[in-house]
Amino acid sequence: DTAVSQTPKYLVTQMGNDKSIKCEQNLGHDTMYWYKQDSKKFLKIMFSYNNKELIINETVPNRFSPKSPDKAHLNLHINSLELGDSAVYFCASSKRTSIYNEQFFGPGTRLTVL
Amino acid sequence: QQQVKQSPQSLIVQKGGISIINCAYENTAFDYFPWYQQFPGKGPALLIAIRPDVSEKKEGRFTISFNKSAKQFSLHIMDSQPGDSATYFCAAKGGGADGLTFGKGTHLIIQP
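Chains A and B are the protein sequences, given in the same order.
Under my numbering, read the first sequence as residues 1205 to 1318, first letter to last.
Under my numbering, read the second sequence as residues 293 to 404, first letter to last.
No wet-lab data here; the hints were simulated from the structure.
Treat the hints with care, as some may be off.
Said to hold, decoys possible - 30 Å max Cα-Cα, derived DSSO-like pairs, lysine-lysine:
{"id": "1", "chain 1": "A", "residue 1": "Lys1248", "chain 2": "B", "residue 2": "Lys360"}
{"id": "2", "chain 1": "B", "residue 1": "Lys297", "chain 2": "A", "residue 2": "Lys1299"}
{"id": "3", "chain 1": "A", "residue 1": "Lys1275", "chain 2": "B", "residue 2": "Lys334"}
{"id": "4", "chain 1": "B", "residue 1": "Lys307", "chain 2": "A", "residue 2": "Lys1245"}
{"id": "5", "chain 1": "A", "residue 1": "Lys1226", "chain 2": "A", "residue 2": "Lys1245"}
{"id": "6", "chain 1": "B", "residue 1": "Lys349", "chain 2": "B", "residue 2": "Lys360"}
{"id": "7", "chain 1": "B", "residue 1": "Lys360", "chain 2": "A", "residue 2": "Lys1240"}
{"id": "8", "chain 1": "A", "residue 1": "Lys1244", "chain 2": "B", "residue 2": "Lys363"}
{"id": "9", "chain 1": "A", "residue 1": "Lys1271", "chain 2": "B", "residue 2": "Lys349"}
{"id": "10", "chain 1": "A", "residue 1": "Lys1275", "chain 2": "B", "residue 2": "Lys360"}
{"id": "11", "chain 1": "B", "residue 1": "Lys349", "chain 2": "A", "residue 2": "Lys1240"}
{"id": "12", "chain 1": "B", "residue 1": "Lys334", "chain 2": "A", "residue 2": "Lys1226"}
Throw the hints in and build the complete structure from the sequences for me.
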């Protein structure tokens, strides 16, 4: 009955590889997000996706690409991984039409690039 | 450019005391201000949120105070308990953007 789930929880990979992180929400929300939390715990928005409208934070390298097969899923693909990509990645979701637009976060995926 | 500034970076409070965390924002288009609580190894969890049309919101032991003219808001945790020990983030949203802009977090320790 988890609201926002992510897989895998841990991901260790070599520099230069391509990897994906999956996210699913069962809240019936219409907007999904990816956030990056760095080693100093700073949380930063990477993408928001609503009904095929993608908003990209301009600081995100184009090696990162979100893909949404349906409204309940927003996966994150990362090409040519670099050491600096090591971080915890959080998926979140919300209902845009709700008054407060509360965002609910998944448990995170800790990515380590060696 | 950091649009939401949070202080202090770390805070130690005795059990039963009041924990106070402050945030200041720059973007006047922000219209939604949530606070999140994060335990080690977990995702941020929404604690309480406020819109700028009210100056205070209380939920149990947690209170947000909001000062629109000063562009500041704060979280007060009354009767702080060891279980409240966590990292707290303030955030803001608005101006047509869906994503949250977070402060840098406050590591709160409640000593028994």
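Tested hints:
With a CA separation close to 24 Å, the supplied pair Lys1248(A) and Lys360(B) stays within the 30 Å bound. Taking the CA atoms of Lys297(B) and Lys1299(A), the gap is about 27 Å. The hint holds against a cut of 30 Å. With a C-alpha separation of about 24 Å, the suggested pair Lys1275(A) and Lys334(B) falls inside the 30 Å cut-off, and the hint holds. As the CA atoms of Lys307(B) and Lys1245(A) are separated by approximately 25 Å, the hinted pair is consistent with the 30 Å bound.
With a CA separation close to 21 Å, the supplied pair Lys1226(A) and Lys1245(A) stays within the 30 Å bound. Simply put, Lys349(B) and Lys360(B) have alpha-carbon atoms about 14 Å apart, close enough for the 30 Å limit, and the pair holds. About 29 Å separates the Cα atoms of Lys360(B) and Lys1240(A), which keeps this hinted pair within 30 Å; it holds. Only pairs whose Cα atoms come within 30 Å are accepted, and Lys1244(A) paired with Lys363(B) is accepted, the gap being roughly 25 Å.
Between Lys1271(A) and Lys349(B) the CA atoms are separated by roughly 37 Å; this puts the pair beyond 30 Å, and the hint is violated. A C-alpha spacing of about 36 Å is found between Lys1275(A) and Lys360(B), which places the hinted pair above 30 Å, so the restraint is violated. Distance hint between Lys349(B) and Lys1240(A) is fulfilled; the C-alpha atoms sit about 29 Å from each other, no more than 30 Å. This hinted pair checks out: Lys334(B) and Lys1226(A) have alpha carbons roughly 17 Å apart, not beyond 30 Å.
In this structure, the hints that do not hold are numbers 9 and 10, in rising order.
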